[in-house]
Amino acid sequence: MMSLRKKKKSSTTKPSSSENKTLKIILASLKNIVQNSIYFVVYKIQHRIHHVIIFY
0 MMSLRKKKKS STTKPSSSEN KTLKIILASL KNIVQNSIYF VVYKIQHRIH
50 HVIIFY
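Residues 0 to 55 in numbering that gives the first Met the number 0 are what the sequence shown spells out, letter by letter.
Treat the hints as calculated values from the structure; they're not laboratory data.
Small disclaimer: the values here were computed from a predicted structure and weren't measured.
Here a beta-carbon is modelled for each residue, glycine too, at the ideal position from N, C-alpha and C.
Honestly, I wouldn't trust all of these hints.
For each label pair, taking beta carbons as the anchor points, the in silico distance ranges come out as [unchecked claim]: (1) H46 to I25: 27 to 33 Å; (2) S15 to F39: 33 to 39 Å; (3) F39 to S17: 42 to 48 Å; (4) I48 to S28: 26 to 32 Å; (5) S16 to V51: 49 to 55 Å.
Hey, can you work out the whole structure from these sequences and the hints?
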């Protein structure tokens, strides 16, 4: 009985840790995408402002 319980515990903890890893990877990639899009938007806005300043 004790050995079966130990096996069950180890099997349940393994998938949860791998799920946490995948979630962390997904969150990290999402953060990178969001940061890149923000930088791109800021760059575009600055570029437009620069052009406006040149034209005026």
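Going down the list of hints, with the structure as the test:
1. H46 to I25: 27 to 33 Å: holds (31 Å)
2. S15 to F39: 33 to 39 Å: holds (36 Å)
3. F39 to S17: 42 to 48 Å: violated (33 Å)
4. I48 to S28: 26 to 32 Å: holds (30 Å)
5. S16 to V51: 49 to 55 Å: holds (52 Å)
Checked against the numbered hints above, the structure violates only hint 3.
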